[in-house]
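There are 2 protein chains.
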Amino acid sequence: MSALLTRFPVFAYISKWLFLSSIVAVGAGSASALFLVSLDWVTNYREAHPWLIALLPVGGFIIGWLYLRVGQSVVGGTNLVIDTIHQAGSRIPFRLFPLVLVGTLVTHLLGGSAGREGTALQLGGSLADQLTRPFRLSPTDRRLILMAGVSAGFGSVFGTPLAGAVFGLEVLVIGRLTYEAIFPVFIAALGADYVTRWWQVGHTYYAIATVPPITPVFALYALLAGIVFGGCALLFTRITHAITDLAKRHIAYAPLRPVVGGIIVAGAMWALGTTRYSGLGIPVIVESFTQQLPPYDFIVKLLLTAITLGMGFKGGEVTPLFFIGATLGNGLSYWLPLPTGLLAGMGFVAVFAGAANTPLACMVLALELFGTACGPYAAIACVTAYLCSGSRGIYGSQLPGEGKK
Amino acid sequence: MSALLTRFPVFAYISKWLFLSSIVAVGAGSASALFLVSLDWVTNYREAHPWLIALLPVGGFIIGWLYLRVGQSVVGGTNLVIDTIHQAGSRIPFRLFPLVLVGTLVTHLLGGSAGREGTALQLGGSLADQLTRPFRLSPTDRRLILMAGVSAGFGSVFGTPLAGAVFGLEVLVIGRLTYEAIFPVFIAALGADYVTRWWQVGHTYYAIATVPPITPVFALYALLAGIVFGGCALLFTRITHAITDLAKRHIAYAPLRPVVGGIIVAGAMWALGTTRYSGLGIPVIVESFTQQLPPYDFIVKLLLTAITLGMGFKGGEVTPLFFIGATLGNGLSYWLPLPTGLLAGMGFVAVFAGAANTPLACMVLALELFGTACGPYAAIACVTAYLCSGSRGIYGSQLPGEGKK
Chain A
0 MSALLTRFPV FAYISKWLFL SSIVAVGAGS ASALFLVSLD WVTNYREAHP WLIALLPVGG
60 FIIGWLYLRV GQSVVGGTNL VIDTIHQAGS RIPFRLFPLV LVGTLVTHLL GGSAGREGTA
120 LQLGGSLADQ LTRPFRLSPT DRRLILMAGV SAGFGSVFGT PLAGAVFGLE VLVIGRLTYE
180 AIFPVFIAAL GADYVTRWWQ VGHTYYAIAT VPPITPVFAL YALLAGIVFG GCALLFTRIT
240 HAITDLAKRH IAYAPLRPVV GGIIVAGAMW ALGTTRYSGL GIPVIVESFT QQLPPYDFIV
300 KLLLTAITLG MGFKGGEVTP LFFIGATLGN GLSYWLPLPT GLLAGMGFVA VFAGAANTPL
360 ACMVLALELF GTACGPYAAI ACVTAYLCSG SRGIYGSQLP GEGKK
Chain B
0 MSALLTRFPV FAYISKWLFL SSIVAVGAGS ASALFLVSLD WVTNYREAHP WLIALLPVGG
60 FIIGWLYLRV GQSVVGGTNL VIDTIHQAGS RIPFRLFPLV LVGTLVTHLL GGSAGREGTA
120 LQLGGSLADQ LTRPFRLSPT DRRLILMAGV SAGFGSVFGT PLAGAVFGLE VLVIGRLTYE
180 AIFPVFIAAL GADYVTRWWQ VGHTYYAIAT VPPITPVFAL YALLAGIVFG GCALLFTRIT
240 HAITDLAKRH IAYAPLRPVV GGIIVAGAMW ALGTTRYSGL GIPVIVESFT QQLPPYDFIV
300 KLLLTAITLG MGFKGGEVTP LFFIGATLGN GLSYWLPLPT GLLAGMGFVA VFAGAANTPL
360 ACMVLALELF GTACGPYAAI ACVTAYLCSG SRGIYGSQLP GEGKK
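Protein chains in written order, with numbering that gives the first Met the number 0: chain A, 0 to 404; chain B, 0 to 404.
Think of the hints as simulated: they come from the structure by calculation, not from any bench.
Take these hints with a grain of salt, some might be off.
Unchecked claim - Short derived list, chain A residues pointing at chain B, Cβ under 10 Å:
id, residue
1, ILE13
2, ALA32
3, LEU33
4, ALA87
5, GLY174
6, ARG175
7, TYR178
8, GLY374
9, GLY389
Just so it is clear, CB atoms sit at the ideal spot from N, CA and C, and this is done for glycine as well.
Next comes chain A alone, as it looks inside the complex (with noise of 0.2 Å):
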């Protein structure tokens, strides 16, 4: 046997990773299925009790507090993984884990307008770095670790494994997609979806009714879709970052800024009279699939959530990027003669494409979630976005590559 794994280090590289990989699956999985269980409890329960929202600064400035007193050393969140990624830097505390599960939930029961990626990726990562030291791991095969991790949280989270898997070698450097990491992120992303599921924890379902085949005209409106919807993942990237740093200089005492931001988004909710874009906004997005909401839908989710998450609550910005996207290709359908429900679909996932900086990743969450047919169109949009969502996205630890006009 040992003869076997040294005159082939595949079978020893494959037995290794099918273990540390399994570890992840199963530490991520669960966290995932935790917090999507206790995200589904606040969620109904600020339904049933909406003057929740009026104590969203005060529990802005609970997270800000937590972050300013025990959280220093991560509050970078999602960057810190994808730094650690990049540069093998001291261990990610444990303390991450805690810290981003409190605040999101905190964010979603008082009615920010956030996201569950972040909060997935860092659980996965902050988990898998606890292997760290016990497997005495190498620089290069924490590296490994890591990325396992962040695609194991992604792929449990949303119940799309093949994107995780993509989106966690995708997600590292803009424009480009190295190997190493294949067979990890694939075990892992797997295996975490299953645990997922195997805690009976289910994913919502969406559903493209019609999907033409595509013609030249057809594809030229993807393209034009495209380009609105990376225009838009633009917008929602500068804004985010212009409130962060508006934030950050002009309010030194840091668990001030929640306590601000979440006057605003409180206030405005009240003054809008509707929960439609507290929390992950679901049941807004499956609507989006069937019937013509307000054009004004995405602009609102997109002001609301660039001030939740700039402001420093917390939670991620990829749920809210389905929300701006879906309901941005929603409006689009008074122009485009395209079915709405298709695009909605793509701008669900273009957007996200175009901040996130993932194009192939979200062409694959498209075939996962809304199945082949509408594959064609989907990947015009992600492209296309990709391309003109500007060279910063989301994550500012991404490393600048190629393929960027």
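Take the given structure of chain A and dock chain B to it, following the hints.
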């Protein structure tokens, strides 16, 4: 308008490549249509007149003589196209187009065991390079248009544009993928597929009857199958290269090599008393999804293809690799408790993934051809086969990269 293009160079880039890629798409898509229709015709004619196989050595001489007299500059075939992408050399001579078309049709008419994607890539690549001079393309742009030609050829000959686009990005370097050509390859592949279908040329439909939800045990079976598929890809690559080298060393006069190869292949088919290993072998591939086949099918096809191509016939490796993988997967269902059709589908994509070092394109291929249910199985099989297939693939001009042990 021109002010807009100057202010936002991305719009100039998109307009330019929409235009150039569309020309590539019309050319490569029409070439694939012509090629597929002719291939269908010669295949049917041969099936009706099996005695034609006796003429295989004569056809071999004709092909060898043609390439010796007028094809010295294009004998590299697919490798010539890949080389030109890596290192801008002289223009790919247009004669590659008629030579590889005639060579492939003669090979298939007379029953050689060969494929078609090599031909489609070369048709696409040689057509694309004809645009270099009239449009005065820079070396960078020429690289992109050649990649677009490769993707267009692959996407249109198999009716799988997304896999074709990813293939064009992935095939150049082992273990690395860059996005500089991402827009051109997707537009060219989607466009070429549309053009081929516009010519009323269809593609074979493969169906995996049942796909059980994946479990850890099933994932382990998929991994074991992936190791076998990778070993098979390694075997195919080694034997093909060995036969090529052997023929070059021992048979100085090039046109004699396919004569000897033709005698061996035709003799073997006569001795076996069947035409199931001639040509593309599509009927056997289709059967492999639904019924148990002889477990030696894959090795016979492997040897006959290695001899056919290694000795100088034309066509390509991919459809035979589909045959070899599908029948090997089918044979594995004697030992592995997974559905026969699923194992056939996994082998179909994974042996090719290993031999061409293109795991992501092959995963997307599985999604496009068989639907999303088989995705997790196909991903595990493709990634594992890629890891286990050794450092040299069927395309000698592919650059080595990272990610292989």
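Hints and how they fare:
1. ILE13: holds, 7 Å
2. ALA32: With a closest approach of 16 Å, the ALA32 of chain A hint is violated.
3. LEU33: violated, 20 Å
4. ALA87: Not OK, violated: ALA87 of chain A not within 10 Å of chain B, min 17 Å.
5. GLY174: holds, 4 Å
6. ARG175: This interface hint holds because 5 Å falls under the 10 Å limit.
7. TYR178: holds, 3 Å
8. GLY374: Holds, about 5 Å.
9. GLY389: Holds: closest Cβ of chain B sits about 9 Å from GLY389 of chain A, inside 10 Å.
Hint compliance for this structure: hints 2, 3, 4 are not met, and every other hint is.
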